[in-house]
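K.L.:
Spelled out, the chains give:
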Amino acid sequence: DAGITQSPRHKVTETGTPVTLRCHQTENHRYMYWYRQDPGHGLRLIHYSYGVKDTDKGEVSDGYSVSRSKTEDFLLTLESATSSQTSVYFCAISPWTGESYEQYFGPGTRLTVT
Amino acid sequence: GDSVTQMEGPVTLSEEAFLTINCTYTATGYPSLFWYVQYPGEGLQLLLKATKADDKGSNKGFEATYRKETTSFHLEKGSVQVSDSAVYFCALSERPGYNKLIFGAGTRLAVHP
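Going line by line, the protein sequences match chains A and B.
Taking my numbering, the leading residue of the first sequence gets 1, the next gets one more, and so forth.
Taking my numbering, the leading residue of the second sequence gets 1, the next gets one more, and so forth.
These are calculated hints, taken from the structure and not from any lab test.
Quick reminder that beta carbons are idealized off the backbone N, C-alpha and C, glycines included.
A portion of the hints provided could be inaccurate.
In silico lysine-lysine, BS3-like type, Cα no more than 25 Å apart, as pairs [said to hold, decoys possible]:
id, chain 1, residue 1, chain 2, residue 2
1, A, Lys53, A, Lys70
2, B, Lys56, A, Lys70
3, B, Lys77, A, Lys57
Over 10 Å on every C-beta distance to chain B, these chain A residues come out as not near it, computed from the model [said to hold, decoys possible]:
id, residue
4, Leu75
5, Thr86
6, Ser94
Please put together the full structure from these sequences, using the hints given.
P.N.:
Below, the structure is given as structure tokens:
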């Protein structure tokens, strides 16, 4: 158990509404990530964080913003949800093992935008 | 840029059959390579990894060897079980000290009794 929780686990929202997803870790790791998973695309990186208030864009960052005010929490916000953002969202942490970084994933949030 | 290509699924096998899921990569440096597994309704779990050429990663009966000459990291298991039914993802990080992952599209495995 990597000590990662995500909330909510499921959400249905309407187009144009703001949505915030939360990722919480209990292990104080520096690196945290948000991915989306869509059929045929695997996982694609949205944003990542390398410390409190330090974040950067990933491959598919348009329409998303993030914040990290505490080590343990990494928030993903959809400012104005669109149907193309219907997806499963995964948070991950990345401890250093001594020879490589490994990523450990949360259980996911299934978001449906109607 | 770097990329990962996996064989398309679904792969359908009978219990106790031999499994191979192909993974090839494109990278400019010396990446670390990973296989992750995702069971229905769950997040991804790290299955095995290899950090340098000719390394073999292994776990739960699964194996994969880092082949730099063929830029491949094929996943194998000698005798699959119904409980191995899942989606398998190949991934790379550009170098051992780099923490962002690039994933393949995933391969769904269905094992029937």
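K.L.:
Work down the list of hints and note, for each, if the structure agrees.
P.N.:
Comparing the hints with the structure gives:
no. : hint                : verdict
1   : A/Lys53 <-> A/Lys70 : holds, 8 Å
2   : B/Lys56 <-> A/Lys70 : violated, 38 Å
3   : B/Lys77 <-> A/Lys57 : violated, 37 Å
4   : Leu75               : holds, 18 Å
5   : Thr86               : holds, 17 Å
6   : Ser94               : violated, 5 Å
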